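Add chain B to chain A, keeping to what the hints say.
Just so you know, the sequences run in chain order A and B.
Residue 1 is where the first sequence starts when you use my numbering, and the numbers rise one by one after that.
Residue 1 is where the second sequence starts when you use my numbering, and the numbers rise one by one after that.
The set of hints was computed from the structure by calculation and includes no laboratory data.
All figures in this text were calculated on a predicted structure; none of them were measured in a lab.
Keep in mind that the hints are not guaranteed to be accurate.
Said to hold, decoys possible - To spell it out: a stretch of chain A is covered by chain B in this simulated footprint if at least three of its residues, at any positions, have a beta carbon under 8 angstroms from a beta carbon of chain B; those stretches are:
1) 37 to 50
2) 82 to 93
3) 101 to 108
Backbone N, C-alpha and C fix where the C-beta goes; we use that ideal spot for every residue, glycine too.
What follows is the residue order along each chain.
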Amino acid sequence: QKEVEQDPGPLSVPEGAIVSLNCTYSNSAFQYFMWYRQYSRKGPELLMYTYSSGNKEDGRFTAQVDKSSKYISLFIRDSQPSDSATYLCAMSASGGSNYKLTFGKGTLLTVNP
Amino acid sequence: DGGITQSPKYLFRKEGQNVTLSCEQNLNHDAMYWYRQDPGQGLRLIYYSQIVNDFQKGDIAEGYSVSREKKESFPLTVTSAQKNPTAFYLCASSPPGWGGFQHFGDGTRLSIL
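The following block holds chain B by itself, in its conformation from the complex:
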């Protein structure tokens, strides 16, 4: 079955540490996205990528970095510069020309130790 796989499901970060969240899709979608979800805040866009080797900042990119070396993969690094990283992180992808049809993974919950 096609879909989006996010790993790990739960992640703990120590102070001053960078952590990387994995997102892999086998839907053959060009566009991929990273969102952050906080209680009562809805989904906020961190980064998105329309094609390989290209990505754009979303609304809350500070303290995060991404890469898009392969069509299937869009990892997100939460750097030590992100002072409030505790949140539920969601990865999504969409087919060409259908940015509204976003398919989501089941998320990674990141907490601070």
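Same shape as in the complex, but just chain A:
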């Protein structure tokens, strides 16, 4: 079983839809959870950062962590064509001293106008 599983998609939605992106993981030591967004032919950029379980909201984006189920989600409300990108989940056992992130394979999202 891979440490982090992420459905690669592709996922295609109409503009204005609510998008749900998900990752599951097997390592119970993971405590820090990140979502990165990567546009085509560019490097990833950090979108959301969450510690332990719970929700975090930033504008149209909500990150959700359920440690009991080892499941994390990213919700995008009122999706826009500019949200079309690959979304990568990443996680680590500690946010500071542990420099190694474990990434999911990424989900390719297309938002159609």
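This is chain B only, laid out in the frame that chain A set:
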């Protein structure tokens, strides 16, 4: 503006040749990383460095070498021992104590001639 600069954007390697990918950052970050990204594989860690003159192997270090003589610079050499070097290479850095906050460059695409 602070950021990470990777060069060249595209690179071609002949059989038996070593090539070096450049990564420079002006973010004053201590930690730097090299990842390889293949289609459908996500990001895999090659090497990382927490401080100058120190670096550690990641998950796929075979066939690669690095140096960290300056805080700003972390070049990656793809040696002839790396038999399947065609990939998108990403350099990243993170601030002290925040290994999850990785800032990425825009990558170098390496191909075999």
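**Asked** Any hints this thing doesn't respect? Which numbers, in order?
**Response** Of the numbered hints given earlier, the structure breaks none, since each of them holds.
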